[in-house]
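Asker: One letter stands for each residue in the lines below.
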Amino acid sequence: MTKQEALYNYVLRLGDDSLILGQRLAELCGHGPILEEDIALTNISLDLIGQATLLLDYAGTLRSETKSNDDLAFLRLEKEYVNVLLLEQPNGHFGDTIMRQFLFDAFRKPLLEKLQDSSDKGLASIAEKALKETKYHLKHSSEWVIRLGDGTDESHSKVQESLHTLYRYAHELFFEDESDFLLQKSKIVPELSAVKLEWDKTIKDVFSMAGISLPENNWKFEGGRQGRHSEHMGYLLADLQYMQRTYPNMEW
Amino acid sequence: MNHIWSLLEEVFDPEVPVLTVVDLGIIRSVEEKNKMIHVTITPTYIGCPAMQTIEEDIKTKFEENGILNFKISTSISPAWTTDWMSEKGKKKLKDYGIAPPQNEPDKSLLFADPVVVPCPRCESENTRMVSHFGSTACKAHYQCTQCKEPFDYFKCFK
Chain V
131 MTKQEALYNY
141 VLRLGDDSLI
151 LGQRLAELCG
161 HGPILEEDIA
171 LTNISLDLIG
181 QATLLLDYAG
191 TLRSETKSND
201 DLAFLRLEKE
211 YVNVLLLEQP
221 NGHFGDTIMR
231 QFLFDAFRKP
241 LLEKLQDSSD
251 KGLASIAEKA
261 LKETKYHLKH
271 SSEWVIRLGD
281 GTDESHSKVQ
291 ESLHTLYRYA
301 HELFFEDESD
311 FLLQKSKIVP
321 ELSAVKLEWD
331 KTIKDVFSMA
341 GISLPENNWK
351 FEGGRQGRHS
361 EHMGYLLADL
371 QYMQRTYPNM
381 EW
Chain S
830 MNHIWSLLEE
840 VFDPEVPVLT
850 VVDLGIIRSV
860 EEKNKMIHVT
870 ITPTYIGCPA
880 MQTIEEDIKT
890 KFEENGILNF
900 KISTSISPAW
910 TTDWMSEKGK
920 KKLKDYGIAP
930 PQNEPDKSLL
940 FADPVVVPCP
950 RCESENTRMV
960 SHFGSTACKA
970 HYQCTQCKEP
980 FDYFKCFK
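Residue numbers (our numbering), protein chains in the order written: chain V, 131 to 382; chain S, 830 to 987.
The following block holds chain V by itself, in its conformation from the complex (with noise of 0.2 angstroms):
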């Protein structure tokens, strides 16, 4: 494996992740719990997608054959896309929604405050522009998930139960393979266990003032980085590949 090609597939992962909870959040336009969550929800979906079409179209340049963020987006197969399984589980009610976010955010704040220093440009002002608005949406889940678990029975409950069902999507985020080595070599891309010592620590402090508590079970899922989905994917992406399929070349 070439350098260029483990930066693809590393910009692609990124991407990925962004489109697909980007993709995720929009379905909440017009079906927020109250208004003003309505409205946070699609703008950290903005934020996600314009990083995605940052990333997508980054990566469209790391091919032989150039291919724009759209042809990434919209026209790739599902066993193509490459985020974590965690993104793509459904929105579920509030508290699964703020549970799969704060997971998330918790995760891409601290790589993104690595990837500013790489030693690629294209990455590393990707990163420095996608970090600003990133720690906004840590700061905001974590407030909501420290609400609900810190606020009545049922949101407490609620909230727990959705840590239980999401944790074990958690550990995908840590991924690695040989294109991670390989770029983690030439300093190009931060080693994900330091990544990992933040988001122990957010997650821990985050949860001991929310009063919930990490299942015991310790059971682990993945599969998303090497394009095995799980059977929500086909029906978010036959939403999001809708137009384009139906209309090829259509643009807005």
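These are computed hints drawn from the structure, not numbers from a lab. Honestly, I wouldn't trust all of these hints.
[To be verified] With the C-beta cut set under 8 angstroms, the calculated list includes, among others, these residues of chain S facing chain V: (1) 833; (2) 834; (3) 837; (4) 874; (5) 936; (6) 955; (7) 957; (8) 966; (9) 986.
Treat the numbers as computed from the prediction; the structure is a model and nothing was measured. Just so it is clear, CB atoms sit at the ideal spot from N, CA and C, and this is done for glycine as well.
Keeping the supplied structure of chain V fixed, place chain S upon it in accordance with the hints.
Answerer: Positioned in the frame of chain V, the structure of chain S alone reads:
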């Protein structure tokens, strides 16, 4: 170059139509190379849907004024911050009813007291944050407890 800058002073942000693209601080550079004008712009928020419109509006403004040999490109680094907004721009925002960005505490602090944002209508500092996310990515939603006016606050973005 002055001519170009004064034309840019006539291009307004489609979502906050009192601010010009110069007030916003999103014009990174204007250069002339081989009789070609190069304008570099930078997005405010990464997914800001106004960016395409802004680029189109600059194009239209140039063409209307007989400038046909130009190129507009986007650069994301260094990343835009609200510090780049001009003082004139901040005043225009306030007059328009949007509270301009204030210095805000560190975002890593959970449940920090929201920043005191004076009401753009009655100047009262007795206001409350309704939601951190407002009508566009760059704004939060506030209400004045004194005069009851709901208003937008242009968030400090750093």
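Asker: Now tell me, hint by hint, if it's right for this structure.
Answerer: Tested hints:
1. The criterion of a C-beta within 8 angstroms of any C-beta in chain V is not met by residue 833 of chain S, whose closest approach is roughly 25 angstroms, and the hint is violated.
2. A cut of 8 angstroms between beta carbons decides the hint on residue 834 of chain S: the least distance to chain V is about 25 angstroms, and the hint is violated.
3. Interface restraint check: residue 837 of chain S against chain V, minimum CB-CB distance 22 angstroms, threshold 8 angstroms, status violated.
4. At about 7 angstroms, the closest approach between the beta carbon of residue 874 of chain S and any beta carbon in chain V falls short of 8 angstroms, and the interface hint on this residue holds.
5. Because the beta carbon of residue 936 of chain S sits about 5 angstroms from the nearest beta carbon in chain V, less than 8 angstroms, this interface hint is met.
6. Restraint check, residue 955 of chain S versus chain V: the minimum CB separation of about 20 angstroms is more than 8 angstroms; hint violated.
7. For residue 957 of chain S, the interface hint is violated, the least distance from its beta-carbon to any beta-carbon of chain V being 13 angstroms, above 8 angstroms.
8. The beta carbon of residue 966 of chain S is positioned within 8 angstroms of a beta carbon in chain V (closest approach about 5 angstroms), and the interface hint is therefore held.
9. Restraint check, residue 986 of chain S versus chain V: the minimum CB separation of about 6 angstroms is within 8 angstroms; hint holds.
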